[in-house]
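Asks: Chains as they are written, first to last, in our numbering: chain R, 9 to 583; chain S, 4 to 617.
If you're looking for bench data, these hints aren't it; they were derived computationally from the structure.
Fair warning: there could be bad hints in the mix.
[To be verified] To give an idea of the chain R side of the interface with chain S (calculated C-beta under 8 Å), a few residues:
1) Ser46
2) Ile48
3) Leu207
4) Asn344
5) Gly439
6) Val512
[Said to hold, decoys possible] Computed from the model, here is a short list of chain R residues facing chain S with C-beta under 7 Å:
7) Ile52
8) Met67
9) Ala71
10) Leu112
11) Met203
12) Val263
13) Gly267
14) Val322
15) Ile324
16) Leu471
17) Leu472
For every residue, glycine included, the Cβ atom is placed at its ideal position computed from N, Cα and C.
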Amino acid sequence: MKKLAVYMKPYWKTAVLAPVMMLLEVVMDLLQPTLMASIIDRGIANGDMDYIIRTGLLMVGVAAIGMLGGAGCTLCSSIASQSFGTDLRLEMFRRIQTFSFDNLDKFNTASLITRLTSDVMQVQTVALAMMRMLVRAPLLSIGGIIMALAINPGLALILLFTVPLLVVTLAVVIKKGFPLFSAVQKKLDRLNAVMRENLTGVRVVKAFVRSGFEQERFGAANSDLRSITVRASRMVGMTMPVMMLIMNLSMVAVVWFGGLRVHAGGMQIGQVMAFINYMVQILFSLMMLAFMLIMVSRAKASVERINEVLDTDVRIKDSVNADAEPIQAGQVDFDNVSFRYEGAGGAPVLKNITFSASAGETVAILGSTGSGKSTLVNLLPRFYEPSEGHIRVDGRDLKDIKLSALRQSISLVLQESILFTGTIRENIRWGDSQASEEAIVEAAKAAQAHDFIVSFPDGYETLLGQRGVNLSGGQKQRLSIARALLKKPRILVLDDSTSAVDMVTEARIQAALKERLAGTTVFVVAQRISSVLEADKILVLEDGEIMDMGTHHELLLRCPVYQDIYHSQIGEEVV
Amino acid sequence: MENRSGKMPMRPGGAGGMGGGARHMAGFTGPKVRAKDTRTTLKRLWKYLRRRSGMLFTVFGFVLLATLFTLVGPILIGRGIDAMTGGKGGVDFRSLAAIALALTCTYFLSALMTWFQTYIMIGIAQDTVWDLRSDLFSKIQTLPLRFFDGRPHGELMSRLTNDVENINNTLTQHTTQLFSSVITVLGALSMMLYLSPLLTVISLATIPVGIAITAWIARNTRKHFSAQQTVLGELNGFIEETVSGQKVVKAFCHEQESLRSFAAGNDRLKDAGIKAQVYSGIIPPMMNAINNMSFALVAWAGGWMAINGLITIGIIASFLNYSKQFARPINEIANLFNMIQSALAGAERVFEIMDEKAEFEGNEDAPSLGDAAGKVTFDNVCFGYSKEVPVLKNVSMTAEPGQTIALVGPTGAGKTTIVNLLTRFYDVDSGSIRINGTDIREVQKDSLRRALGIVLQDTYLFSDTVRENIRYGRLDASDAEVEAAARLANAEHFILRLPEGYDTVLSEDGGNLSQGQRQLLTIARAILANPAILILDEATSSVDTRTELHIQEAMLSLMKGRTSFVIAHRLSTIREADLILVIHNGEIIEKGSHKALLAAKGFYYELYTSQLRY
Chain R
9 MKKLAVYMKP YWKTAVLAPV MMLLEVVMDL LQPTLMASII DRGIANGDMD
59 YIIRTGLLMV GVAAIGMLGG AGCTLCSSIA SQSFGTDLRL EMFRRIQTFS
109 FDNLDKFNTA SLITRLTSDV MQVQTVALAM MRMLVRAPLL SIGGIIMALA
159 INPGLALILL FTVPLLVVTL AVVIKKGFPL FSAVQKKLDR LNAVMRENLT
209 GVRVVKAFVR SGFEQERFGA ANSDLRSITV RASRMVGMTM PVMMLIMNLS
259 MVAVVWFGGL RVHAGGMQIG QVMAFINYMV QILFSLMMLA FMLIMVSRAK
309 ASVERINEVL DTDVRIKDSV NADAEPIQAG QVDFDNVSFR YEGAGGAPVL
359 KNITFSASAG ETVAILGSTG SGKSTLVNLL PRFYEPSEGH IRVDGRDLKD
409 IKLSALRQSI SLVLQESILF TGTIRENIRW GDSQASEEAI VEAAKAAQAH
459 DFIVSFPDGY ETLLGQRGVN LSGGQKQRLS IARALLKKPR ILVLDDSTSA
509 VDMVTEARIQ AALKERLAGT TVFVVAQRIS SVLEADKILV LEDGEIMDMG
559 THHELLLRCP VYQDIYHSQI GEEVV
Chain S
4 MENRSGKMPM RPGGAGGMGG GARHMAGFTG PKVRAKDTRT TLKRLWKYLR
54 RRSGMLFTVF GFVLLATLFT LVGPILIGRG IDAMTGGKGG VDFRSLAAIA
104 LALTCTYFLS ALMTWFQTYI MIGIAQDTVW DLRSDLFSKI QTLPLRFFDG
154 RPHGELMSRL TNDVENINNT LTQHTTQLFS SVITVLGALS MMLYLSPLLT
204 VISLATIPVG IAITAWIARN TRKHFSAQQT VLGELNGFIE ETVSGQKVVK
254 AFCHEQESLR SFAAGNDRLK DAGIKAQVYS GIIPPMMNAI NNMSFALVAW
304 AGGWMAINGL ITIGIIASFL NYSKQFARPI NEIANLFNMI QSALAGAERV
354 FEIMDEKAEF EGNEDAPSLG DAAGKVTFDN VCFGYSKEVP VLKNVSMTAE
404 PGQTIALVGP TGAGKTTIVN LLTRFYDVDS GSIRINGTDI REVQKDSLRR
454 ALGIVLQDTY LFSDTVRENI RYGRLDASDA EVEAAARLAN AEHFILRLPE
504 GYDTVLSEDG GNLSQGQRQL LTIARAILAN PAILILDEAT SSVDTRTELH
554 IQEAMLSLMK GRTSFVIAHR LSTIREADLI LVIHNGEIIE KGSHKALLAA
604 KGFYYELYTS QLRY
C-alpha cells in the first residue's frame, strides 16, 4: 500500500482536506443528540419556549454545516481518488510500454489487462472509501464514546460489555466465513470452467454426442456450488440478526440502568435519550469499520498485483551511449549466440549459433516445432537478449544501437497476425505514419492484399473489429505483410507468416517480395519447404543448434533431416 | 433515535450480505439497466419460484413479523422514557421493568424471525438459481453452432455467471428488503400518526424537499454514471487491444502513440469518474442534513406541545425514532428498485437464450442411422453462412463405402464447410446429403454423429486426465481399450513419458502438450469411437514434418475400412486418396485420382507444382 501512496502525493492537499471535512460532518452529527437532550432537559422541563427555539435554530445551523462538511468531503475524496487512479493507471501503462518480451511473457496478456483495469479500479474505490468511511467510522465511534463518557461514565460501562461482544461476533464470522467464501469461489471457478470448456469445445461435444455426459458434469458442479453457497450465505446471514440483537439489548440495558440513575438523581431523561443515540452511533460505526476492513483486505491482493507490474525490472533498454544512427546496409552476424528463457531453468533454446547474412541476402530457417526458429529471429530486433554471444548488424553490436533506430530499420511479420481497431488503411499505415496513398496501395499489392481489400464495399476504409475479427486468417497475414513492407526496412523478418495463405498466393507474394526488396536482408522462418527453396542460405535448426547450412541443392545432397522434410512434403516420385 | 448517519446500508430486519454492504459504502451505484419487457420476465421468473411458493410465503410471513417487532421497539422505549419522567426518586420501576422485559422479548423475536427468514430464503434462492443454471446449460447443449459462431464466449459466460448471480442476490436480499422497507414505511407512518398527527404533518414537511433533491441528483448521477461506463468501456477495449498486441506495438515502435491515446482516454475517464462520484456521493450528506433539519422542526413543535402538556417527552423520543425509520427506507426503496430492475434485465438475457431455437427440433422420433457403413452422397448442395454470400454452389459427389476422399483447394474454398454440413453443424440451404440413401435430416441426430468420427482442425482437450480425454470417444470403453486406441494412434510412447502416464491431468485445452501430441490424442479418441465414417479436417496442419509422419501412420490405421474424408493443405497427405475433389470458390472444379489429375494439368496440377516452381 505504501508504494502506491506515492501516486496520491500530488493530490495530498485534497486528500487531507477530505477527512478534515468529514471530521466537520462527524462533529456536527455528534452535537445533534446533545442539543436535543438540552431541549428536553432545559427547554421542556423549564417550559422555556425561547430556549427551545434558539436551540432548534442551532440544530438547523449544525445540520447545514454538517452538510457542507459532508459535501466537501465527497468532492475532495472523489477528486483525489480519481486523480490517483488515473495517474496509477497511466504509470502502469507507461511501464508496460517499456516492457521487453520476456517481461510480457512472464505476466501474460490476460493478467496484465486485469491488473490495468479491475485491479486499479479496486484500489481506486478503496482509496475513495478510505477517505470517507474509514475516517468517518473511527471518528464517529471515538466521538460517540467521548460524548457518552461526558454524559455519564457509569452508564458507559455497558459499552465494556457490548463492544467486545460485537468484536468477537465479527471476528468469528470473518474467521469462519472467509474460508467458506473462498470455497464458494473455487466451486464457482469449477462451474465456469465446465461452461467455458463446453463453449470452446462445442464442436467436439456435438461431434461425439456427449451432451448427456456434459450435463451430468455440469450438474455435479452446479450442485456442489449450491451446497457450499447455502452454507456460506447462511453463516453470513446470521451476522446481521445477531449484531442487531446485541445492539438492541444494550439499548434495553441503557433504558434500565438509565432509569436507575434518573431515580437516584444522577441523570436526566434527555441525557438517557442522548445516551441511547450515542450508543447506536458507536456500535454502528464499529460494524461499518469491520466491513471496511474486509474491503481493504480484499484490495490487498490487487495492490500486490499492481506493485508486481510497477516493480518489474526492464532488462532490455538503451545503454547510455547507444547510437541513434539507423542501419544502412543490413549485414547480420550471429557470433556464438546462446539463449535460454528466463526462469525456464532447463536446456537453452539456442546453442552456439554462428552465421552471417550479407546485406540483401535471403536466409531461410527450417526446423521442427520447438527447434528455436522463432526465438532466433526475435533476437534480431532485441525483443530478447542473447544469454551468451553477440549479434552484430553492419558490424555494430545490437546493444550499441538505440532501440528505436534498430526497430525502425527492421520489419517483422509475427507468427500471429495482430491487427488493431481502425480502418485497413490505418492498419497498414502503422508501418510508416507519413506514407503516401500510393505507397500504401503499392505495399498492399505486393502483399497480394489489394484485390481482397478493394472487393470490400468500403475498400481501404473498411473498419476492422478488435484484432481484425472480420478477416480470415490468410487475409490478416497479408495485411500484416503489407504493414511490414510499408516500413521499407533494411531487414525483413517473416516468421511463418504465410501459413494460412494458400500456396498459389504465397508464390505470388514471394515473387513480389523479390522484386521490391532488392538489397533488403530477408529472414524467412517456415514450415513449408516451398517457402524456402529459393533462399540464398537455408539454416536447418534442430534442438536449438544449427545442424546444417547451405543452399537447397547442397542440403538436398548432404543433410538427412532436410531430405526427410523434403520428401515428406514434395513426394519422391516428382524428384 | 438510532443511527443518525443515514449512510448505513444496514437496517434492523434486513439481511445485508457482506459484499453488497461493502459495495454500497463506496457509493457506487452502476447505471440502470432495465428489462425490455418486465411483465413477461417476471412471469417466467415466477414459474421457477412457484415450485417453492409455500416456502416463499413463509418467508414473507417472517419478514412481516420481524418488521412489525422492530416497529414496536421505539414505542416501548418511549414508554420507558415516560416511566422516568418522575425524575429523581420518581421513576416507576414496575412499568420500567415490564417495558425492559417486553423490549428484550421483542428484540429476540425480531432477530429470530430475521434469521429464519434469511435461512429459508437462501435455500429458495439457491434452488432457483440451480434450476436456472441447469436449464440454461441444457439449452446451450441443444443450440446449433450458428448460435455460438455469432457470439463472443465472454458474453455467454457473463449470462451464465453475472446475470444468474444478480438474480440470486435479488432473490436473497433485495426482494425481502423491499418488502420489509415498504412495511417499515407504512408501519412507521401509522405509528407517527397514532402518536401525534400534528407532529407527523410537521415532520413530513421536509420529505418533499428531500425527494425532489434526491430525484434531481439521481437523474444527474444516472447520466454521469452511464457516461463513465461508456468511457470506461472504451478505455478497457483500448487496453485489451494494445496489451494483446504489445509485441507488434514494440516491433513498430508505436509506444509513444499508444501512450498518447491511452493518456487521452485516461483523462476522459477521470473527468467522467469525478462527476459520477461527486453526484452519487453527495446524496447521503444531503439526506442526513435534511433529516437533521426535520428533527429541529419536531423539536420546536414537540417542545411547544410538551410544554403545553399535549404530549409526553416519551412520545417525542418514540416519534423521532419512527421518523428515522420512516426516512431511511424511502431512500432505500428507490435503490432496491433499481437493483431488482437490473436483475430482471439479467433474467431477461437468460431467458433470451432459453428462447433460442434448438437444432433438430422435433427430430427425436426420427429413425436411427444404424451401423451399416457409409456410402455418402452430396446431391446439388448449396449453402451459405449468411444469405448474401454463398459458400457452396451445387456440390454433388459420391463416396463409396471404405473409400478415402480428399478435399483440396485454397483457403476459404469451402472445404471445412462440407464437413460442417455432413455433421449437421449447419443445414444445407438446398439440395441434400444422404448416408446409405437416407437424407441426414431425416435420421436421429445422435445416431448421425455417432456414425461420424471427426478429428478437427482445432484439437480440443478437456482439463481432465489423458485417459478420460481419450475415453471421451466412447464413454463405456475399458482402460485396456483406451490404451489400445492410444497405441494405434502412436500416442502411447509420449503418454508413458508424461509424469503420471495415462493419469496425467491436462491443463485447460491441453496446454502442457505440444500441438502434435494433442493431435495424436484426438486421433486416439476418434479410433476409440470406432465410427463408420471418418472426417479429418487439417489434422496435421500445424505440426512439424517429423511429428506428421507419426500422425500419418496413425491416421492410416484409423482410415482402414472406413469411408474417410480428408482435408489438408499438404498434398503429401492426399496422394493416397481414392478420389480427390478440387474445390475452388465453392464448386468442385476437378475430381479424380492423383495421377489422373496431374495428367489433366488443371488447377490441381498448378497447386501441386507451385511447390516446385523455383
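Asks: Now look at each hint and say whether the structure bears it out.
Replies: Each hint tested on the structure:
no.	hint	result
1	Ser46	violated, 10 Å
2	Ile48	holds, 6 Å
3	Leu207	holds, 5 Å
4	Asn344	violated, 26 Å
5	Gly439	holds, 7 Å
6	Val512	holds, 5 Å
7	Ile52	holds, 5 Å
8	Met67	holds, 4 Å
9	Ala71	holds, 4 Å
10	Leu112	holds, 6 Å
11	Met203	holds, 6 Å
12	Val263	holds, 4 Å
13	Gly267	holds, 5 Å
14	Val322	violated, 12 Å
15	Ile324	violated, 10 Å
16	Leu471	violated, 14 Å
17	Leu472	violated, 11 Å
Comparing the model with each numbered hint stated earlier shows that hints 1, 4, 14, 15, 16 and 17 do not hold.
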